[in-house]
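All chains, please: the whole structure from these sequences, using the hints.
Just so you know, the protein sequences line up as chains G and B, in that order.
Just so we're aligned, residue 25 is where the first sequence starts under our numbering, counting upward by one.
Just so we're aligned, residue 1113 is where the second sequence starts under our numbering, counting upward by one.
Think of the hints as simulated: they come from the structure by calculation, not from any bench.
Do not rely on the hints blindly, as some may be mistaken.
Unchecked claim - Coverage of chain G stretches by chain B, computed from C-beta distances (three or more under 8 Å per stretch; other residues unrestricted):
no. : region
1   : 53-61
2   : 64-76
Claimed, not checked - Just some of the chain B residues that point at chain G, by a computed CB distance under 10 Å:
no. : residue
3   : V1141
4   : P1149
5   : E1189
Think of the CB as a built atom: it goes at the ideal place given N, C-alpha and C, for glycine as much as any other residue.
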Amino acid sequence: MAEPLPSALKPIVASSEDLPTESPDGVDLTLIQWTLSLTPLERLELLQDWVDGLAELRLGRVAER
Amino acid sequence: MAASPSVRFLGLLRVLLRHGVELCVVGGVAAQLAGAPILTLDLDVLFDRTPENLDRLLAALRELKARYRDPAGRHIEPDLDKLQTLRLHLLLTDLGALDVLGVIGGGLTYQDLVHRTVVYELGELRVRVLELAAVIETKEQANRDKDRAVLPVLRQTLAMMNRGERGEGG
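Put into structure tokens, the structure is as follows:
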């Protein structure tokens, strides 16, 4: 029998009065709620931050070699 | 292979729009602008294929020092003939990866889709962007693995927008 999941990994089950945090197919709805709360320019700046962050990680990996 | 510059979304749009290119943003950036948390490493634009617009687009691409992303490492620059005859142009520029598309989805052109776009004000830029429902439809039509992979997030975003949880304009 499988070990029960640690509580940190268990899906957060909201009460019936709260909005669900995850869709049945596993989409993180809280992340969508957050990006929907931003302006279009803020969303694009967020995307640029993600891209820049990835580039920094790649540079870091190359430097260590 | 030398490291390529990471994409600068606003920088690319600034150059294209300064040259007066008639285009709409599609793909991952269009989805992100609508509120879908999608990571993409390039800017996809669908351009109007009129002769005048091809000239404007070519001028913008020359300013960006655009060249095709060629697995063999050859340096091939877009020209008017290629812009007229090829359906898509996967380019690398001084401001990162730019995909310039003449058709998307099941063969839809800029004229087919322009009535399904919204205009966002991004700083000083006014940018035409494919609306999220149309982004979803074109990805369903393209039906590649990478398109199917993001559809759940896009659909949930659209559903939340339609329930009034903001979106499109913020």
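Now the hints, each set against the structure:
{"no.": "1", "hint": "53-61", "result": "holds (count 8)"}
{"no.": "2", "hint": "64-76", "result": "holds (count 11)"}
{"no.": "3", "hint": "V1141", "result": "holds, 7 Å"}
{"no.": "4", "hint": "P1149", "result": "holds, 5 Å"}
{"no.": "5", "hint": "E1189", "result": "violated, 25 Å"}
Hint 5 from the earlier list is the only one contradicted by this structure; the remaining hints agree with it.
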